[in-house]
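There are 2 protein chains.
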Amino acid sequence: MNPDITRERENATFNVEKLTHILDGGIEKTKRRREIESLVISDPDFQSEDLNFLSRSERYDAAVKKSAQMILKLREYGISDPEEIYCYKSVFRGNHQEALGLHFSMFLPTLYTQCNKEQFKKWVPLAESFKAMGTYAQTELGHGTHLRGLETTATYDPATQEFVLNSPTITSIKWWPGGLGKTSNHAIVLAQLHTQGKCHGLHAFIVPLRSMNTHIPLPGVVVGDIGPKFGFDEVDNGYLKLENVRIPREHMLMKYAKVEADGTYVKPPSAKLTYGTMVFIRSMIVGEASSALAKSCTIAIRYSSVRHQSEIRPGEPEPQIMDYQTQQYKLFPLLATAYAYKFVGQYMNQVYHRITGDISQGDFSELPELHALSAGLKAFTTWTASEGIEVCRMACGGHGYSRCSALPDIYVNFVATCTYEGENTVMMLQTARFLIKSYQQASAGHQLSGIVSYLNESERRLQPQSVSSRPTVVNVNDLASLVEAYKLRAAKLVEVAAKSIHQELQKRVSQEDAWNNSAIDLVRASNAHCHYVVVKLFAAKLGEIGDTGVHSVLSTLALLYALQGIQQHSGDFLQTGLLSVPQLSQVSQRLKELLAQLRPNAVALVDAFDYCDEMLNSVLGRYDGNVYEHMFEWARRSPLNKTEVHESYHKYLKPLQAKL
Amino acid sequence: MNPDITRERENATFNVEKLTHILDGGIEKTKRRREIESLVISDPDFQSEDLNFLSRSERYDAAVKKSAQMILKLREYGISDPEEIYCYKSVFRGNHQEALGLHFSMFLPTLYTQCNKEQFKKWVPLAESFKAMGTYAQTELGHGTHLRGLETTATYDPATQEFVLNSPTITSIKWWPGGLGKTSNHAIVLAQLHTQGKCHGLHAFIVPLRSMNTHIPLPGVVVGDIGPKFGFDEVDNGYLKLENVRIPREHMLMKYAKVEADGTYVKPPSAKLTYGTMVFIRSMIVGEASSALAKSCTIAIRYSSVRHQSEIRPGEPEPQIMDYQTQQYKLFPLLATAYAYKFVGQYMNQVYHRITGDISQGDFSELPELHALSAGLKAFTTWTASEGIEVCRMACGGHGYSRCSALPDIYVNFVATCTYEGENTVMMLQTARFLIKSYQQASAGHQLSGIVSYLNESERRLQPQSVSSRPTVVNVNDLASLVEAYKLRAAKLVEVAAKSIHQELQKRVSQEDAWNNSAIDLVRASNAHCHYVVVKLFAAKLGEIGDTGVHSVLSTLALLYALQGIQQHSGDFLQTGLLSVPQLSQVSQRLKELLAQLRPNAVALVDAFDYCDEMLNSVLGRYDGNVYEHMFEWARRSPLNKTEVHESYHKYLKPLQAKL
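Chains A and B, in that order, are what the protein sequence lines are.
Per the numbering used here, residue 2 is the first one in the first sequence, and the count goes up by one each step.
Per the numbering used here, residue 2 is the first one in the second sequence, and the count goes up by one each step.
The shape of chain A in the complex, shown without the other chains (with noise of 0.2 Å):
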């Protein structure tokens, strides 16, 4: 063990133990955890070469061949609970992908829901064997987030009972699907539906792709891999583009809607029963932007308390880099960020299993709420994560660059969250189209619930209208009205945006431009109503807290991220008159104390996050901080070592000193 790093340790004022319990929800959760993960660590087919080394070819083998092994082992297990097997799956996979990963979380899922009872029969045992491996094709290479675009159609052929896909254009070529390129014999195609001369819009459809027997794609059907990505070597992202395909009628997906023999389209019942997968995806990545930011600090931090750089003091010993004002800077809040993430995100599965019962029972009330918060707080979360990371990355200086600190691989693959499920701009402006209509509505006199109720016009009147027009009450060192000036600022903003909407129109543009006009003031206004709930919801958090010493870290922390975030938009509440210009440098001054405070807690901070080696797979980032050693190790196992010379000296170099 490195004795800078188990110095910081022995200098720590709280219980790590007992924070790790409070990440995982209890300590029997953190026990269940642990034991899943150590079958995963002890396990021998589980030990694989770094990825980084390999071809993409082989990282995929590689992929295929765990996703195998842990479909036997979980059955061998008896592990069945979905969050175990998430839990089972985030260790195996380290900071990278699985290659089934659409079966699991896309295919199957889908068929769950939207099967009538004939096709579960059928269906569900097939995919749940594997004869039928399965992804979900939607995305086209033409359209994304903007669903009513697809190009791929469904003709229904009354004559054999069946529908015949086809992708008419380049752009309609389906595109970006997980394991749609090699791994799927199957996909859940979404194409528009036209029947008797009518278009009825998407629908769902299961279209064979490959031989059940020999994985030779089938007629029709030109599949393959699109390429290599930023990230997600691993998986095989596909393209397909389906040619005449015929499909039984029985194909369609018909628990809602249905096409029947001779062609009759039947309407579902309702439209908004899709909602709830994506409210429930988003919020995973909420809880995603957490770890990955948790990760990254775990690394950062730890390499800062073992690596020694310059001088502070001119004579002493190079001081660790976390001693640096500008480092703690860096990553503190960070820091505090991944904590503030972390409770997020368990408030928002709290609230979708909440909100889940109340849909079952056809209660759908709190969904729009819902879909707004989720859909503002996955882009809140991703955008300021995945620039966190690459803080955390460049923190750690040169050798933050090597794959081996993992820092590269968890950001190429993190950061893709920032553009799928919902591109980050557009989810803002569905946000945003949430807390206008509700700012009209209490404009109108109705009085608001839940988290907008900020929005009502008697709280309103209460704000400060400029600087001068009244003392600001903001106690920058008081959590509580920390959160107060949030809320402030996000219903100032909302107005802003609202007036500049209520301006456009003045101008006698269409509402529709004059939403694209107040496009940048909508996006602002749904960043400061995520921020607000962000360090609301922190704040919550801290009241169910007994232990002292971990309260206490952790009230450092929450302030820490709220004053921080003041820091860095001083503008808006310069500008809403919520803070004064005193009382910023009040709030720098604060900060630095803060950083200093926090200082000799910040290993055992990222300790409680209990990422053990194998799941961080950094070199920086190692427990026992022996780092350089087996950075030279890992380095002597590169691929480009594994011959002293080059053959490209034989080829090149030495024919051209020759030709000189």
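Everything labelled a hint here was simulated from the structure, so no lab data went into it.
Treat identical chains as interchangeable: a pair holds within one or across any two.
In silico DSSO-like links for lysine-lysine, alpha-carbon gap of 30 Å or less:
hint : residue 1 : residue 2
1    : Lys74     : Lys132
2    : Lys652    : Lys74
3    : Lys66     : Lys643
4    : Lys331    : Lys438
5    : Lys118    : Lys660
6    : Lys660    : Lys66
7    : Lys132    : Lys643
8    : Lys652    : Lys90
9    : Lys123    : Lys660
10   : Lys122    : Lys660
11   : Lys660    : Lys74
12   : Lys123    : Lys655
13   : Lys643    : Lys242
14   : Lys90     : Lys655
15   : Lys123    : Lys256
16   : Lys655    : Lys122
17   : Lys90     : Lys132
18   : Lys122    : Lys132
19   : Lys655    : Lys66
Dock chain B against the given chain A, drawing on the hints supplied.
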């Protein structure tokens, strides 16, 4: 040609070609650049498969091949002007790296400048004929920015008149030098010189690494590749462990310092001589920041003009995504930034050449200012450009994540500049040291000249002290007035940092701790200083432009750049009383107008950068806008598509199905 992009070009209000000449520095330079580019583009030897399809070893192989070809071709064409070589390399490298880069950028220049006459005669011909292929080994596993911390030793043995080189610890292993792992047979090694029982600090030694006949590592030389990184896949960044490696005394570079045969050490005449190279490299990096951002903007803006998505007005066709205000707000300020940095790069290059003249005459007076400026601007531009590349990438939606967009390559290769040639935070603190020193000189009554003259007492007294003390005079529509505002902001933030140091000193902490405890303020001051310089240089450039159309569009860009910076840092401008709250609303409004105003010129503005398709290597950024058909074609070449059925199916999936 895609009709959307044709229409964009038709709508431009200025002459693209004229702007290109301005960027190149004259019509003749444009012509010559295009000639050189066409030499590479038309050369069948430089046609190769996309490097993203290859394994790392294959990429390295391809890079060595290209470098070897380049050397022969440059001789054949008689290209020897460094700028023209740089241009030639830029084309064949594309978004990747060159295998022999360090031989040209560090090994040869160091021989040119630090060899004495005899050494020059021996080594320069060897290096120029590539018999000696070299790199520059400074950074060690545990030591980067802080050169005094380097541990490699070179101990003089008068008995044999040799130096004995050693890597005494794990942390002393040389790490990161490009071309060190497999390519180079020599390295210039920086080591602590010990002779006659005394250490004389860092000196440079020529160390043979591999046999010049067989390329096999020499005895005592442990050398290899450091493994995969975020980018630079083509480069064999290496490690080097020296175990009692003996080199003749004449292998120490002795133009300045010397060790005589008996071991007597002779000091160099001046320490400032190495400053120049650093300044040069950092000013080159500013130019690269501009290029990387310009390429990224070219890709994102062209794609945004052919990409249709969602709807603004119901019932109408999907609009070009460039019509969304949020998209304009992402991309146009970055476009303005790319132009700004282009002009900053030009300026620094000019200053560098002017000052080099002075230096060769023994006049070092301007060097400290230039050194401080190049450090800060290197950090300022690389940070913002790196973030900007990612914004461009994400503005392309999902396809930005594909390697076919080229944006991942541009990012991973460029972002390294934030860390190398001086870690950015360290650079900012170096600039701050110059600013604080200047501030203190001014406070002591000295009259400053040059770029920091705004710190003079007389000017500072004219600054507004707080929001209420006096009316603000900034005109948000006038660029000169905005330059003034940026200047006053910089002055204010330097003062804040100086006061923080002063306050810390009053708490009786040491000078060094006071500095560290003010580091956040110091970095902030440097940022503000650099931002001022950029806005000022952009404004100054406008004065040189005669053509009305070009002047008009660049003026719009400059105003956008300045106002966007004010909006992003509105807290600073409010806090210092430079802007009032109502003015900030004006800024927001004006920004929206500028975005709309730039919209018709966006494609023409990126066309003016004049990157040919071969240099961009981006399906999304194609000049003809025919994106989707080429994306499909690119994907089909993916190595995973070499076989219809991947072997992993037979190895793992079929057996799995049999077991379930």
